[in-house]
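Chemist: One letter stands for each residue in the lines below.
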Amino acid sequence: MNTVTFIQPSGAPATVSVEPGTSLMRAAVTNGVDGIVGECGGQAMCATCHVYVRPEFAAALPEPSDDEEEMLDCTTAERTELSRLGCQIKACAELDGIVVDVPAEQV
Amino acid sequence: MTTPDTTQSPGCPFSGVPADNGSAEAAFPGAAAGVPGTIPAAGEFREAPVADWVTIPDLYRDPFPIYRRMREEAPVHWVPAVNRYMVTGYAACHTIEQDDATFSADETGSLMKRSMGHSMLRKDDPEHRVERDSYGSTLRPGTIKNHWKALFEANNEKYLRELEAKGSGADFVWDYAAPYAAENLRLVCGFHNATQQDLQRWSQTMIDGTGNYADDADVWEKSARSSAEVDAAIDEMLPYFRKNPDHSLLSGLASMPIPLEAIRANLKMTIGGGLNEPRDVLGTTVWALLENPDQLASLQEDPKLHAAAFEESVRWVAPIGMYPREATRDTVLEGIRLPKGARIGVVIGAANRDPAVFENPETYNIHRPRKPHLGFGGGTHFCAGTWVARTQVAQVAMPALFDRFPRLRLDPSAETVDAGWVFRGMLKMPVRWD
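Residue numbers (our numbering), protein chains in the order written: chain A, 1 to 107; chain B, 1001 to 1434.
By construction, these hints were calculated from the structure, which means they are not laboratory data.
Treat the hints loosely; a few may be bogus.
Under 10 Å between C-beta atoms, here's a sample of chain A residues computed to sit facing chain B [what the hints assert, rightly or not]:
no., residue
1, 18
2, 29
3, 33
4, 39
5, 41
6, 42
7, 73
8, 74
9, 105
10, 107
Simulated DEER-style distance windows between Cβ atoms [as the list claims (entries may be wrong)]:
no., chain 1, residue 1, chain 2, residue 2, range
11, B, 1145, A, 14, 54 to 64 Å
12, B, 1334, A, 56, 34 to 44 Å
13, B, 1108, A, 62, 15 to 25 Å
14, A, 62, B, 1291, 44 to 54 Å
15, B, 1304, A, 14, 29 to 39 Å
16, B, 1256, A, 63, 19 to 29 Å
17, A, 79, B, 1293, 33 to 43 Å
A few chain B positions that, by computed beta-carbon distances, are all more than 12 Å from chain A [claimed, not checked]:
no., residue
18, 1053
19, 1100
20, 1132
21, 1238
22, 1355
23, 1364
Please read these numbers as outputs of a predicted model, since none were measured by experiment.
For glycine and all other residues, C-beta sits at the position ideal for the given N, C-alpha and C.
Please take these sequences and the hints and turn them into a complete structure.
Modeler: Shown next as structure tokens:
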């Protein structure tokens, strides 16, 4: 199992444990983490699982695909250099303990 | 005038709902599989309450008081008039959308398959996924921004000018929204050998065929003729696009290993779903704003609110109010038993007004706290045209419309009619300006 920590805009953390290969979006939705919607079920089509990945994990992240790249331009909360779609990042040993900030708005 | 919603008389295109009470069994001899009582109840769940008081004509006129009463009673009902379970609670609809293994899109006895062929909308993953991917980047935000948006703006200019030429008193839907949406769809699909009028005719006749529970020979004939016209148009365009590619759906499909039968069915589904929906959202949004002048005023001061006005409209009156699913196994949904084979209507038009999620849900309010609505569906069948719709309606049409007609208003001397439940939109909307 790998852990993922979601930090709410209020600062409140939620740490969940998931099987390797589980996307951060799915990890949040199945564990009832607020602020991650995942409307399209994980096909990089809705931009409602936007997260800000803490910089210390940046090096271990996969490069965003073209689909993710263009969808990140459609997020409701401001896109920053830390922005990723939770559905495109999978829990794994390299990202074990990853910490992401949940934006104030997804829709 | 064509009617935008065929769900009163011929029945329902995208949902497969029979047109009138009583015809369901005749149309669906094998459809009794999901009728409550055929399997004994047991355990910690209850049978779906039977909503025998619901009628299709009442739903067609105004479904929302009916949905409210149903939601207050239970999230799932068996509705004899519709010959299926209707799911009206937000949580229950959301559960269905996220669980396509239990709730299949591949409905038994679907008339949509007969009318349009077996499109991806009636397939489950992994088959659905292959065809969905075959649409490539055509409908994605990057292509829209870099390519379609400018074409939508040109189309909008053309049809706003035509509306203006018609003169004050023209019909907002039929003299503007319908041809505008049809012309946009024509380009996105790549039907360079057809007109926007062809697209409107194809859409309506095939949708009528999909809802032809009365088995009306004339309806089948018109639907089949349109289907053949679409096939011929596709056959003509595919070789053209192999030599002259552009950004359209057909151009992308021309070089893909997708069976012709699937291309045809998917394009017909896209014609059916890609025309009426943006047209109806545009009509409903503008109607709601004209009925709420204070909200219109705030939008005219802050153009960023166009997006909120659009999303709130899709929540308030989902243009596709219901779509079908079929239970693949015995299951329990929000405490209510659904047997294997149960025919289900996912009533997102009701879920979007669930007071458990939305405060004062019956009210159109562009300033309400933003929460995810289910108007575009969810999960693997999340509307592929979502971003095209947002762009052509909220980014292109609405700002230009209110810019050109700042004193646009409903015609006080004429009737405005909204109707429908599986599809809902404006049937008549005469407008005036100075």
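Chemist: Are the hints correct? Go through all of them and say.
Modeler: Comparing the hints with the structure gives:
1. For residue 18(A), the interface hint is violated, the least distance from its beta-carbon to any beta-carbon of chain B being 16 Å, above 10 Å.
2. This hint holds: residue 29(A) has a C-beta 8 Å from the nearest C-beta of chain B, less than the 10 Å allowed.
3. Violation of the interface hint for residue 33(A) is found here, the shortest Cβ-Cβ separation to chain B being roughly 14 Å, above the 10 Å cut-off.
4. Interface hint status for residue 39(A): upheld, as the beta-carbon distance to the closest one in chain B is roughly 5 Å, under 10 Å.
5. Given the 10 Å rule on beta carbons, the hint for residue 41(A) holds: about 4 Å separates it from the nearest Cβ of chain B.
6. A cut of 10 Å between beta carbons decides the hint on residue 42(A): the least distance to chain B is about 9 Å, and the hint holds.
7. Proximity of residue 73(A) to chain B holds as hinted, the smallest CB-CB distance being about 7 Å (cut-off 10 Å).
8. Interface restraint check: residue 74(A) against chain B, minimum CB-CB distance 5 Å, threshold 10 Å, status holds.
9. At about 7 Å, the closest approach between the beta carbon of residue 105(A) and any beta carbon in chain B falls short of 10 Å, and the interface hint on this residue holds.
10. For the restraint placing residue 107(A) at the interface with chain B, the shortest Cβ-Cβ distance is roughly 5 Å, inside the 10 Å limit, so the hint holds.
11. Separation of residue 1145(B) from residue 14(A) is about 35 Å and departs from the stated range, judged on CB atoms against 54 to 64 Å.
12. A C-beta distance of roughly 42 Å is found between residue 1334(B) and residue 56(A), which places it inside the suggested range of 34 to 44 Å.
13. Between residue 1108(B) and residue 62(A) the CB atoms are about 41 Å apart, so this pair departs from the stated range of 15 to 25 Å.
14. One distance hint, 44 to 54 Å for the beta-carbon pair residue 62(A) and residue 1291(B), holds here, with the actual separation near 48 Å.
15. For the hinted restraint 29 to 39 Å between residue 1304(B) and residue 14(A), the CB-CB distance of approximately 31 Å keeps it satisfied.
16. Between residue 1256(B) and residue 63(A) the CB atoms are about 25 Å apart, so this pair conforms to the stated range of 19 to 29 Å.
17. Hint check: residue 79(A) to residue 1293(B), Cβ distance near 35 Å, so the stated range 33 to 43 Å holds.
18. The Cβ of residue 1053(B) sits about 33 Å from the closest Cβ of chain A, beyond the 12 Å cut-off, so the non-interface label holds.
19. The non-interface label for residue 1100(B) is inconsistent with chain A: the shortest C-beta to C-beta separation is roughly 8 Å, within 12 Å.
20. The Cβ of residue 1132(B) sits about 8 Å from the closest Cβ of chain A, inside the 12 Å cut-off, so the non-interface label is violated.
21. Consistency note on residue 1238(B): stated as away from chain A, and its beta-carbon is indeed over 12 Å from all of that chain's, at 25 Å minimum.
22. No beta-carbon of chain A comes within 12 Å of the beta-carbon of residue 1355(B); the shortest separation is about 19 Å.
23. Against the 12 Å criterion, residue 1364(B) stays outside the reach of chain A, whose nearest CB is about 17 Å from its own CB.
Of the hints listed earlier, those the structure fails to meet are numbers 1, 3, 11, 13, 19, 20, in rising order.
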